[in-house]
Amino acid sequence: MSTDVEMSPVTPRDSSEDERVASKKPTTRRRYTTRLSFRRIFTSNVTFTFVAHFFLAFHVGTFNSLWFIFLSTPVYNPANPESPNFVPQLPFRFTGGLGLPPRSVGLAMAILGTIGITMQLFLYPRLSSRLGTVRSWRYCLFLFPVAYTLIPFLSIVPSTTAPPSQKTGPYIWAAIAGVLLIQVTGRTFALPGQTILVNNCTPHPSVLGTVHGLGQSVSSFARTVGPILCGWLYGFGLSHGMVGGVFWGLATMAIGGLIVSFWVREGNGHEIWLEGDEDDEGNR
1 MSTDVEMSPV
11 TPRDSSEDER
21 VASKKPTTRR
31 RYTTRLSFRR
41 IFTSNVTFTF
51 VAHFFLAFHV
61 GTFNSLWFIF
71 LSTPVYNPAN
81 PESPNFVPQL
91 PFRFTGGLGL
101 PPRSVGLAMA
111 ILGTIGITMQ
121 LFLYPRLSSR
131 LGTVRSWRYC
141 LFLFPVAYTL
151 IPFLSIVPST
161 TAPPSQKTGP
171 YIWAAIAGVL
181 LIQVTGRTFA
191 LPGQTILVNN
201 CTPHPSVLGT
211 VHGLGQSVSS
221 FARTVGPILC
231 GWLYGFGLSH
241 GMVGGVFWGL
251 ATMAIGGLIV
261 SFWVREGNGH
271 EIWLEGDEDD
281 EGNR
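Under the working numbering, the letters of the sequence shown match residues 1 to 284, in that order.
Read the hints as simulated data drawn from the structure, not as lab findings. Mixed in with the good hints there might be a few duds.
[Claimed, not checked] Between beta-carbon pairs, the in silico distance windows are:
| hint | residue 1 | residue 2 | range |
| --- | --- | --- | --- |
| 1 | Thr-168 | Phe-262 | 38 to 46 angstroms |
| 2 | Ile-228 | Gln-120 | 24 to 32 angstroms |
| 3 | Phe-86 | Arg-265 | 26 to 34 angstroms |
| 4 | Thr-160 | Pro-91 | 33 to 41 angstroms |
| 5 | Thr-224 | Thr-195 | 13 to 21 angstroms |
| 6 | Phe-221 | Thr-114 | 27 to 35 angstroms |
| 7 | Phe-262 | Phe-86 | 20 to 28 angstroms |
Owing to the predicted nature of the structure, the values given are computational and were not obtained by experimental measurement. Note that beta-carbon positions come from the ideal geometry of N, C-alpha and C, so glycine has one too.
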């Protein structure tokens, strides 16, 4: 008796495919069975990091809004002042902006961007690796009060044109580049450093997403309140002969952030240990 066996076609498989199949090993993902409670998130380091984050986002975000307005604010004209009884008295009582047209405002913003990109690419990586995140971040916080204190004095820098024409000439553009160099240097080092510190201050890996969300909320709140409040203060100071008041207020905010920074330290993302964390570490 003969038995017919029907053979099904078998597709040959090369060795490279075998290697791909063999290389697919189950990967273990690090999981934490115990989640840190919400009230325990706010350690002293997390709290101080968030407060410093608020100060930085407040004055940097507000400066970005006020800078456009200040550049385009009309130059003070002593021959035709808005208030007939107003007499400028340096160093605090003066008013007016630079009166720049849109094209010149664009040029000023291009200067700001060029300085920032250059420093971000070539200076920040070297100094940050040499000084460390906290030190480079804290050192550059010293620059913001200086920049904000000097910015309103741009309105009294000598110009080659008489009021009410826009301010122009080598002195005013050198002064603009100088104050922007100070402010952008601080921003180049402070913003990336702040992001790293918010990430590393997480007390436990199970709440990393929560800490990131809280950090974004703090930043968004500061960037919302700052321009609204300081925009009103800018108009008030401009009409009362003290255009620098709002910028000196930003300098005060920057000093507050600088003071808080001395209580901020760089965490490791796992400050608090919970039950089961040791087993997860050993099974990695």
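(request) Would you list, in rising numerical order, the hints stated earlier that this structure does not obey? (result) 3, 4, 7
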